[in-house]
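Number of protein chains: 4
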Amino acid sequence: MTTLRRVGFLGLGIMGSRMALNLKKKGFEVVVWNRTAARTEELVPHGLTVAATPRELAAQVDAMCTCVADPGALEQVALGPDGLVHGTRRGQLLIDFSTVSVDLVRSLAAAFEAKGVSFLDAPVTGSKGGAEKGTLVIMVGADEAALARAQPIFQAVGEKVIHCGPVGAGTQVKLAGNGLIAAMLQAFSEGLLLTSKAGVNPQAFIDVVQASGFRSPYFDFKGKQILDHDFATHFSVDLMHKDLSLLVDNAGKHGVPTPSAAAMEQTYQLARAGGLGSQDIAAVVTVFEELMGHRIARR
Amino acid sequence: MTTLRRVGFLGLGIMGSRMALNLKKKGFEVVVWNRTAARTEELVPHGLTVAATPRELAAQVDAMCTCVADPGALEQVALGPDGLVHGTRRGQLLIDFSTVSVDLVRSLAAAFEAKGVSFLDAPVTGSKGGAEKGTLVIMVGADEAALARAQPIFQAVGEKVIHCGPVGAGTQVKLAGNGLIAAMLQAFSEGLLLTSKAGVNPQAFIDVVQASGFRSPYFDFKGKQILDHDFATHFSVDLMHKDLSLLVDNAGKHGVPTPSAAAMEQTYQLARAGGLGSQDIAAVVTVFEELMGHRIARR
Amino acid sequence: MTTLRRVGFLGLGIMGSRMALNLKKKGFEVVVWNRTAARTEELVPHGLTVAATPRELAAQVDAMCTCVADPGALEQVALGPDGLVHGTRRGQLLIDFSTVSVDLVRSLAAAFEAKGVSFLDAPVTGSKGGAEKGTLVIMVGADEAALARAQPIFQAVGEKVIHCGPVGAGTQVKLAGNGLIAAMLQAFSEGLLLTSKAGVNPQAFIDVVQASGFRSPYFDFKGKQILDHDFATHFSVDLMHKDLSLLVDNAGKHGVPTPSAAAMEQTYQLARAGGLGSQDIAAVVTVFEELMGHRIARR
Amino acid sequence: MTTLRRVGFLGLGIMGSRMALNLKKKGFEVVVWNRTAARTEELVPHGLTVAATPRELAAQVDAMCTCVADPGALEQVALGPDGLVHGTRRGQLLIDFSTVSVDLVRSLAAAFEAKGVSFLDAPVTGSKGGAEKGTLVIMVGADEAALARAQPIFQAVGEKVIHCGPVGAGTQVKLAGNGLIAAMLQAFSEGLLLTSKAGVNPQAFIDVVQASGFRSPYFDFKGKQILDHDFATHFSVDLMHKDLSLLVDNAGKHGVPTPSAAAMEQTYQLARAGGLGSQDIAAVVTVFEELMGHRIARR
Numbered sequence: 002m003t004t005l006r007r008v009g010f011l012g013l014g015i016m017g018s019r020m021a022l023n024l025k026k027k028g029f030e031v032v033v034w035n036r037t038a039a040r041t042e043e044l045v046p047h048g049l050t051v052a053a054t055p056r057e058l059a060a061q062v063d064a065m066c067t068c069v070a071d072p073g074a075l076e077q078v079a080l081g082p083d084g085l086v087h088g089t090r091r092g093q094l095l096i097d098f099s100t101v102s103v104d105l106v107r108s109l110a111a112a113f114e115a116k117g118v119s120f121l122d123a124p125v126t127g128s129k130g131g132a133e134k135g136t137l138v139i140m141v142g143a144d145e146a147a148l149a150r151a152q153p154i155f156q157a158v159g160e161k162v163i164h165c166g167p168v169g170a171g172t173q174v175k176l177a178g179n180g181l182i183a184a185m186l187q188a189f190s191e192g193l194l195l196t197s198k199a200g201v202n203p204q205a206f207i208d209v210v211q212a213s214g215f216r217s218p219y220f221d222f223k224g225k226q227i228l229d230h231d232f233a234t235h236f237s238v239d240l241m242h243k244d245l246s247l248l249v250d251n252a253g254k255h256g257v258p259t260p261s262a263a264a265m266e267q268t269y270q271l272a273r274a275g276g277l278g279s280q281d282i283a284a285v286v287t288v289f290e291e292l293m294g295h296r297i298a299r300r
Numbered sequence: 002m003t004t005l006r007r008v009g010f011l012g013l014g015i016m017g018s019r020m021a022l023n024l025k026k027k028g029f030e031v032v033v034w035n036r037t038a039a040r041t042e043e044l045v046p047h048g049l050t051v052a053a054t055p056r057e058l059a060a061q062v063d064a065m066c067t068c069v070a071d072p073g074a075l076e077q078v079a080l081g082p083d084g085l086v087h088g089t090r091r092g093q094l095l096i097d098f099s100t101v102s103v104d105l106v107r108s109l110a111a112a113f114e115a116k117g118v119s120f121l122d123a124p125v126t127g128s129k130g131g132a133e134k135g136t137l138v139i140m141v142g143a144d145e146a147a148l149a150r151a152q153p154i155f156q157a158v159g160e161k162v163i164h165c166g167p168v169g170a171g172t173q174v175k176l177a178g179n180g181l182i183a184a185m186l187q188a189f190s191e192g193l194l195l196t197s198k199a200g201v202n203p204q205a206f207i208d209v210v211q212a213s214g215f216r217s218p219y220f221d222f223k224g225k226q227i228l229d230h231d232f233a234t235h236f237s238v239d240l241m242h243k244d245l246s247l248l249v250d251n252a253g254k255h256g257v258p259t260p261s262a263a264a265m266e267q268t269y270q271l272a273r274a275g276g277l278g279s280q281d282i283a284a285v286v287t288v289f290e291e292l293m294g295h296r297i298a299r300r
Numbered sequence: 002m003t004t005l006r007r008v009g010f011l012g013l014g015i016m017g018s019r020m021a022l023n024l025k026k027k028g029f030e031v032v033v034w035n036r037t038a039a040r041t042e043e044l045v046p047h048g049l050t051v052a053a054t055p056r057e058l059a060a061q062v063d064a065m066c067t068c069v070a071d072p073g074a075l076e077q078v079a080l081g082p083d084g085l086v087h088g089t090r091r092g093q094l095l096i097d098f099s100t101v102s103v104d105l106v107r108s109l110a111a112a113f114e115a116k117g118v119s120f121l122d123a124p125v126t127g128s129k130g131g132a133e134k135g136t137l138v139i140m141v142g143a144d145e146a147a148l149a150r151a152q153p154i155f156q157a158v159g160e161k162v163i164h165c166g167p168v169g170a171g172t173q174v175k176l177a178g179n180g181l182i183a184a185m186l187q188a189f190s191e192g193l194l195l196t197s198k199a200g201v202n203p204q205a206f207i208d209v210v211q212a213s214g215f216r217s218p219y220f221d222f223k224g225k226q227i228l229d230h231d232f233a234t235h236f237s238v239d240l241m242h243k244d245l246s247l248l249v250d251n252a253g254k255h256g257v258p259t260p261s262a263a264a265m266e267q268t269y270q271l272a273r274a275g276g277l278g279s280q281d282i283a284a285v286v287t288v289f290e291e292l293m294g295h296r297i298a299r300r
Numbered sequence: 002m003t004t005l006r007r008v009g010f011l012g013l014g015i016m017g018s019r020m021a022l023n024l025k026k027k028g029f030e031v032v033v034w035n036r037t038a039a040r041t042e043e044l045v046p047h048g049l050t051v052a053a054t055p056r057e058l059a060a061q062v063d064a065m066c067t068c069v070a071d072p073g074a075l076e077q078v079a080l081g082p083d084g085l086v087h088g089t090r091r092g093q094l095l096i097d098f099s100t101v102s103v104d105l106v107r108s109l110a111a112a113f114e115a116k117g118v119s120f121l122d123a124p125v126t127g128s129k130g131g132a133e134k135g136t137l138v139i140m141v142g143a144d145e146a147a148l149a150r151a152q153p154i155f156q157a158v159g160e161k162v163i164h165c166g167p168v169g170a171g172t173q174v175k176l177a178g179n180g181l182i183a184a185m186l187q188a189f190s191e192g193l194l195l196t197s198k199a200g201v202n203p204q205a206f207i208d209v210v211q212a213s214g215f216r217s218p219y220f221d222f223k224g225k226q227i228l229d230h231d232f233a234t235h236f237s238v239d240l241m242h243k244d245l246s247l248l249v250d251n252a253g254k255h256g257v258p259t260p261s262a263a264a265m266e267q268t269y270q271l272a273r274a275g276g277l278g279s280q281d282i283a284a285v286v287t288v289f290e291e292l293m294g295h296r297i298a299r300r
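Protein chains in written order, with my numbering: chain C, 2 to 300; chain A, 2 to 300; chain L, 2 to 300; chain B, 2 to 300.
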């Protein structure tokens, strides 16, 4: 087994760009590629090199990391005409940090294992801040051997690695986790909407929540965003909607009813219809604020 | 203003019996009443005295506390033929720890204020454990003067008192909080169902959640109940269903859409149809387990 | 048993005013009362007389008919300070054409039966057109004897009388029927929204529906309203929302899960938040049109 | 343009087998293929011939018709190793009577148009009875020229052909129509459940519906199935669930909120979890009956 020295990173969005920089900081040689080349230029001054295509990137590295927006993009990067699969060699690792469907994860694993490349699905949570500070939580679906080899990369970008099971298990856990985030945020937002509209100080609602057994740091984070109406994008409505769709579909395949996830998928659908797709998930509340003609306000 | 020395407590269920005992421990003389008299007998050995009717209780105390199961029961205790209202005198306090409709809270306030009795709605959170240890969180709807007078009682049963606004505001916050609890528990349960059914260790899902920014002590509490299938009742399905109904109705009156609360009301309705009304809310997951013929299991 | 000659009618909205006129046309002497007196003036030229209060009306008639907007209004008219109950006499009939809660229907029945007055819940369907033409469908909850006595009144305002069971049964059937209307209209509207947005002629969707086994005259009626954006109020969003709330609550009491009714209650809640309360239920689609920035259009 | 004389039919389920027989009866020479060969044997005595693979079938016919269960099956039949695409020749027609995703329809159209084959999506409604009697309603997505050429085939299997728009439009209309069917059936079932559980004769509910402006022949059909508990499969729960998933996904892509379709997708998910996948959609009500321990019964 070769030591991992050169690592490729494909997909340089909010998360990927920060993860690639952390890999460089921790001593890896990093080769990057992005669909829109502009994104790569910011990274060159930090000593990262740029590959012209995924195929060319694959030929230069020991391990490949992907972090792209949706299943279609991942399929293209991995299996498209200039995709990774055409440049791989036996013994490499392919780590996917994206959140895509379990079906796609499994078919990619099959395609790359057939060429001697170990595949790991490794979606992350922690959003922009965690990617920046290298404190992501990483959910891994892989066999033990692949997990052991990938650990140096995981340690460079995250602070907690949780082995969920074989390939696909990381994605399953990630989708379920996002279903939980959506539910927490929506019920919390409904509480703020109702208390504010009814003339109660919404901060009292937050104080009660945070004094209770169901408190969570997440409510401080999102509560501040909502009360300040400051919706800088940590996790976009479009991405959450995609994950909720994947969750409902995956649960459907396993025969698992998910009334909460289904209600959330539809709520995010409403938010997208209302033009909020690229905004932070905390902004979903504004769809209801605008309908109601009432903006949540401190008293 | 008289000092509060003798306090009446009406409604001796899971919560009320523990709160009444804490009042006694903190030095109040406590007079109790319960619809089914059997419940009062356990308290006599602790030095609490028993009144024959709410009306008679009212005549003996400085402050009255109610903690009953639903709006109908509260109306009966307060305004029924032998209700509190017929025994009150000017200068008393009436503190309702139940969770009922905002409308009922306001009409009780009007009825008692008319007789010179200050009314406070003061629903609590913390379930059985908090009631026992006197660590409840108390959400108060009242004017400042009434709140100040009631503080000794609140301090005896809870550790955090949050003033939410005028009469009704405590109830509004409480209902919204229960909507949040239901959403958190349901999405969490869906994650356990999906991961377990898909062959992933559900503990990995819990570990990821608790390593993430959306962690909450509530998930340890409920996760253990679900993995152990130990559903001792802390908060019953019937009571949560009642609160979700009140929440959806109240939001409706204020013109606030609540897709999460509505989905939860329906989920609890399903659980009640399935015969789980008196069980703990963590048992809702078993409705889905039974349908699916799959029980969540550690691996 | 007296013959029914003089009939009182209370509640002169869209439905009630037309029903009162039909009673007059069929030969009854009709005495009317309405909360806002202005409404009664239009009826005087047609030979109807006006009573000052429900109590006074009750004293003048053989049978009383109510058709008011909501449970609160009915309670006031029936049991309020100047309510019917204070003017009734043994042997009268009280027919409620409103749609209120089953609980209220039953408590009114008890209150009036105690005074020797037979009570029938008799909600109607057919909206404005049916009320005008006297072709309403009437769902009756009553015992056989009361039904037989009320038949002349029913025949004057409707063309079909269906005996559903004892007091309350008419209301139960009516609520379930409105749940069905809401579901049909919403799914139909979603089809129009999707096809129109996707560039398909929405008329093709209507043509397919009406050529299929699930066709209904209702889709011609509502399809025309939506394609023409002509939302003259036949049945208001507020009234439908009230009925859906009553339906979900009633189902809850009987332990019947109603996922469709719950989704519809929430959809109407959204429409009310969006300011459509007084518009026709066909206008609910405009909430989605406005969110989407797309108006359904023929091609 | 060749006249259509020889027609291939692939997919001989409930619908396809009956449609293939009708083509034969109307004078076409019919070549069939089915994944499980057993199904084809019943057709041979009627004069239909059998092809070994889709590719071989394609080489023998003027037009190809497909009617398979889901997108995966259609992709395999059309584009798989032995798929139609490998046996086609310029000037043929490919008519898909299945209900699959709009995306798949469009990508198949592109693949076959590239080989000079005209593609039409032509989902049908009418279920088993309509397929048998040749009275299906056919929703066509195609250009005018292809539609004109395909008319003899459509006339042989259906009685009403509705041109919805370009390729994909037939599917869009079909999915929306199935969303409407699911909503009608579920709200109707909820009405039967509630009235029956509450002690009202469920037939009274059906009578009211069928006397009203929202009557539909569908309610007689499904009402009889439910009251008789006779769930012979006309349209299976699994197929409806697939279509509802496709509908919600398609609406999502177009930014159209669909609260009814989402609630229905989840309701069918519940039914599948409860083991009803292969049963008729009317059987969904039994999931609720079993939970409630109450079976709908005539009185």
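Treat the hints as calculated values from the structure; they're not laboratory data.
Please read these numbers as outputs of a predicted model, since none were measured by experiment.
A couple of the hints might just be wrong.
No distinction is drawn between identical chains; accordingly, a pair holds when it is met within one copy or between any pair of copies.
What the hints assert, rightly or not - Here are the simulated DSS-like pairs of lysine-lysine, each with C-alpha atoms no more than 30 Å apart in a straight line:
#1 225 / 161
#2 225 / 254
#3 225 / 116
Going down the list of hints, with the structure as the test:
no.	hint	in the structure
1	225 / 161	both (26 Å within a copy, 22 Å between copies)
2	225 / 254	between (38 Å within a copy, 27 Å between copies)
3	225 / 116	neither (49 Å within a copy, 43 Å between copies)
Against the hints set out earlier in the document, a violation occurs for number 3 only.
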